[in-house]
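Trainee: Sequence:
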Amino acid sequence: MAARRYPAIPAGSAAPIGHSRRSFLGMSALGALGLGGVSLGLSGCGSSGSSADPNDFVFTFWGTGAEKDAVTKVLDAAAQGAGLNAKPQSIPTNYETKINTLLAANTPPDAGYLTESMSMRLGEQGKLVNVAGNAIFANYLPSAIHWYSADGAVAQTCQEAMTFFYDTEAAAQAGVAVPTSVDGAWDWNQLIQAADALTADSQGRKPSDSGFDANDVQRYGFAAPTGVPQLFALLQSNGVDMFNEDGTKTNLDSPEAIEVLQNINQLVNEHRVSPTPAQATTFGASASLLLASKRVAMVIEGTWGLLDFSQSDVKYDTGVLPKYQQYATTTLSGATSIFAASKHQDFALQLLTDLSDPTKVDLYSAGLWMPAVADYYTDEAKISQWTSGGAHPAGFRTAVIDSIGSGVAYPSYRIKDFTTVATTITNAMGPIVTTPGDVTDAVKTLAATVNGQLKGAYPDSAPA
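Per the numbering used here, the sequence shown starts with residue 1, numbered consecutively.
If you're looking for bench data, these hints aren't it; they were derived computationally from the structure. Think of the CB as a built atom: it goes at the ideal place given N, C-alpha and C, for glycine as much as any other residue. It cannot be assumed that every hint is accurate.
[To be verified] As a list, the in silico DSSO-like pairs of lysine-lysine whose alpha-carbon atoms are at most 30 Å apart:
#1 98 to 343
#2 343 to 68
#3 87 to 98
#4 382 to 315
#5 444 to 455
#6 360 to 73
#7 87 to 68
#8 315 to 127
#9 382 to 127
#10 87 to 127
#11 360 to 382
#12 73 to 98
[To be verified] Pair by pair, the computed Cβ-Cβ distance ranges are:
#13 282 to 138: 35 to 41 Å
#14 149 to 85: 51 to 57 Å
#15 104 to 184: 50 to 56 Å
Please build the complete structure, drawing on both the sequences and the hints.
Mentor: Right under this line is the structure:
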């Protein structure tokens with residue numbers, strides 16, 4: 001099935017809407033439900049986790065810092081009420097390797113985070129509890145439920161989206177008004193004009209000014225979008241999916257995709273409004289650090305970046321992404337799954353709903369997560385519950401919440417072994433963006449490599 005695009009959510013409805021360092025996003029994001037009967041059958045054998053105590057509940061995740069503390073708090077409270085011993089295990093590195101090791105030893109955790117590719121593979125193998133048809137998920141966004149077969153699915157706990165962060169002080173000084181609603185979204189030429197106005201050499205000259213010194217740039221207007229989630233959104237905006245419907249061919253070498261990639265290349269080499277990816281890394285390893293460095297004024301990043309921005313000294317806001325033929329953003333997040341060998345499946349299901357509740361997890365109001373439940377995008381009181389903590393700036397409501405109906409589900413669940421494919425695309429983006437001239441040959445070479453890695457697609461969307 002092709003990429004999942006969702007209409008705006010009608011008020012009071014659960015109708016559809018559509019890697020980060022600490023977010024719920026699966027690691028395959030490299031470079032962020034109306035259902036009916038439930039199938040909770042056990043598959044496989046052996047006890048869950050490495051503990052011999054049958055009252056232990058092992059939950060694994062890759063979160064650290066604020067995310068680790070918040071998840072542990074929810075788990076501890078829920079386990080205490082159920083008479084279980086909470087055993088949170090934070091695994092910040094080599095997460096998939098660790099989970100595979102536990103599975104091989106027949107000692108999987110009871111539940112935990114999973115990367116998108118891994119959740120679909122394990123679900124297909126019968127090693128996870130199937131959430132398809134479970135009424136608990138009836139109010140979840142359709143984009144938060146992912147189908148590995150016609151009658152099997154996994155779920156997200158939260159949602160994320162690509163958005164446009166900018167330095168409000170720099171924008172005000174340059175006279176740049178960043179659009180915060182879809183109706184006013186910049187086209188590509190308008191983006192270039194704004195980025196030019198925000199770029200300055202040591203003498204204050206813009207790239208469009210005579211005498212501009214490209215070797216002495218003090219601030220770049222825009223960080224060229226080279227991550228796969230950012231690229232995916234721009235391709236969707238230009239009317240092309242990154243992959244064909246059955247997941248056997250990439251469309252990266254289509255005219256529409258080449259246009260987008262050529263335009264990104266020209267941000268660096270022709271318009272001189274963006275640093276190279278290598279330069280950007282020296283300015284900062286995250287969107288908040290890029291803007292805090294004062295060397296970059298605008299960047300496309302996942303909404304999880306709000307947590308870091310809110311803890312920085314940067315004066316920031318959010319706007320809408322630039323568009324081509326139609327507005328689009330990327331919605332994404334990793335999975336939270338229950339292992340079929342767990343003896344505490346009912347408790348685990350309740351834990352998943354607790355983690356999806358912004359009133360129980362402060363990571364929503366802190367900006368790291370966005371809700372996976374539809375009501376939190378339509379009910380004003382519920383919107384206020386997760387956006388009034390100080391992390392969400394003035395433009396967030398229109399730039400993100402009101403535009404989420406233009407979200408297109410990231411193909412990290414749909415495309416089999418997406419982690420491998422995304423890594424290949426990520427590694428190729430640096431040379432494609434940095435090398436001056438026509439990108440066509442390089443993109444066609446990349447497309448041929450990706451085609452050799454594609455293994456098909458899962459349904460992802462609910463059966464009709």
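Trainee: Holds or violated: residue 360 with residue 73, Cα cutoff 30 Å?
Mentor: Between residue 360 and residue 73 the Cα gap is close to 9 Å, so the pair holds against 30 Å.
Trainee: Has the given pair, residue 382 with residue 315, been kept, meaning a C-alpha gap of at most 30 Å?
Mentor: holds, 26 Å
Trainee: Could you see if the CB distance from residue 282 to residue 138 stays within 35 to 41 Å?
Mentor: violated, 48 Å
Trainee: What's the verdict on residue 444 and residue 455, does the C-alpha distance respect the 30 Å limit or exceed it?
Mentor: holds, 19 Å
Trainee: Check the hint pairing residue 98 with residue 343 against an upper bound of 30 Å on the C-alpha distance.
Mentor: holds, 21 Å
Trainee: Within 30 Å, alpha carbon to alpha carbon, are residue 87 and residue 68?
Mentor: holds, 12 Å
Trainee: Under the criterion that the straight-line Cα-Cα distance not exceed 30 Å, is the pair residue 360, residue 382 satisfied?
Mentor: Cα-Cα ~13 Å, so holds.
Trainee: Between residue 104 and residue 184, does the C-beta distance stay in 50 to 56 Å?
Mentor: For residue 104 and residue 184 the Cβ distance comes to about 53 Å; the hint holds.
Trainee: Do the alpha carbons of residue 382 and residue 127 lie within 30 Å of each other, as the hint requires?
Mentor: Outside the cut-off at roughly 35 Å; violated.
Trainee: Holds or violated: residue 343 with residue 68, Cα cutoff 30 Å?
Mentor: Holds: residue 343 and residue 68 sit about 24 Å apart, inside 30 Å.
Trainee: Is it true that the CA of residue 73 sits at most 30 Å from the CA of residue 98?
Mentor: holds, 23 Å
Trainee: Is the hinted pair residue 87 and residue 127 satisfied, with a Cα-Cα distance of at most 30 Å?
Mentor: holds, 20 Å
The structure shown violates the earlier hints numbered 8, 9, 13 and 14.
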